[in-house]
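Student: Chains A and B supply the protein sequences, listed in that same order.
So for the first sequence, this note's numbering puts the first residue at 4; every next one is plus one.
So for the second sequence, this note's numbering puts the first residue at 193; every next one is plus one.
Keep in mind that a hint or two might mislead.
[As the list claims (entries may be wrong)] Here are the simulated DSBU-like cross-link-like pairs (lysine-lysine), alpha carbons at most 30 Å apart as the crow flies: (1) B:K322 - A:K98; (2) A:K79 - B:K251; (3) A:K18 - A:K58; (4) B:K416 - A:K58; (5) B:K322 - A:K58.
Treat the hints as calculated values from the structure; they're not laboratory data.
Letter by letter, the chains look like this.
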Amino acid sequence: MVTTDWVMEVLHEVKDPEVPAIDVVELGIVRGAVVEGERVTVTVTPTYSGCPATKVIEFEIESALRRHGVADVVVKTIFNPPWTTDWITEEAREKLRVYGIAPPGKAPQGLDLVSLSGPTRTIPCPYCGSSNTVRESEFGSTACKSIHSCKSCHQPFEHFKAI
Amino acid sequence: MSQALFEYLLRLGDDRLVLGHRNAEWCGHGPILEEDIAISNLALDLTGEAQLFLELAGKVEGLGRDADQLAYWRDETQFRNLQLLELPKGDFAFTMVRQFLFSAWSHFLLEGLMQSKHEDLKGIAAKAVKENRYHLRHASEWVVRLGDGTEESHQRAQAALDQAWPWTGEFFLADDVDRVVAAEGLGVNPSGLRPQWESIVNDVIRRATLTVPNTPMRMVGGRKGRHTEYLGHMLADMQIVARSHPGAKW
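The shape of chain A in the complex, shown without the other chains:
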């Protein structure tokens, strides 16, 4: 019997292709699933507009469900409300840290349009826990990450940007 819970369970098998430490449900991309007869409709919200992983994720959601015997899969994209890192679960944040990516803080709400210092939150080093770190760049190897380095253990690391 295909239920929504079962679908969500299956979707935990689909990892983010760029951050394989966490899956698409933990990341908050999967917004819901509806089972109607033979058809399963999965609703997703993309992370960044230009994220090249979006198409791959949609494809893999479909493949995962097909692998488990669902023939009729529809992946629907909704844009509103927009994705935010606040949707990433607590467990996934810890997985990110263990993977070597500093997890995001609370997404900024107020306007900080031309702040010349950038976000002021200290990003703790995911390796040694030190808060003596510096931001090297707000843009990293993927749209969702920024580049930092730790002054204590001298390890460069990435941070999942709060957005």
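Using the hints provided, position chain B relative to the given structure of chain A.
Tutor: The following block gives chain B in isolation, referenced to the frame of chain A:
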């Protein structure tokens, strides 16, 4: 109404597609590695936003055209982007000054679009405004760093500002398309955005120890498909692969 909305969405899409392509020209040519990555990220965001706007434009038009068809199979006179955005990337100062002027304008436009009655448009704007905030912060940091930097960087930043400024008049020109979508509660009339834009722009220019140029507006017409000599060359480069292999799939 749907014709006006289609035109309006093309403008939103083409602005970001053309600027995204210009920024992508820096990929592999950035002054430092971090900046190479940053500009490529900006290009990726803008191109991604363009895809969403153009996909929606195709849907509104209802003739079965998707984002790829609109991006790769229209010619120069069918593009609706602002002329400023098609100018060659120039030096790093010009690229950053242009990005700054555009992102500041785009911020207020997108904020307005978050109130759109059109659900998809509203959702795309709500996502894009977050990305745009990063672009604006990044570009404004560079404008200050360059303007308030060395004698040469100051000179280049001022020259870039002098070159870009006359083209910004086009940001605030409204025509029937803008008026129709604004009246329907779908879009934003850009003519009202100038005071907010000026307050941010003037503040950053002042902090960058640069001077606000006092030059008249340049020729305009990007929204009607009139473009500088540069767009055709850029499109030839951008469209060649798609046109050489029509219907190709990955």
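Student: Kindly indicate which numbered hints from before are broken by the structure, ordering the numbers from low to high.
Tutor: 4
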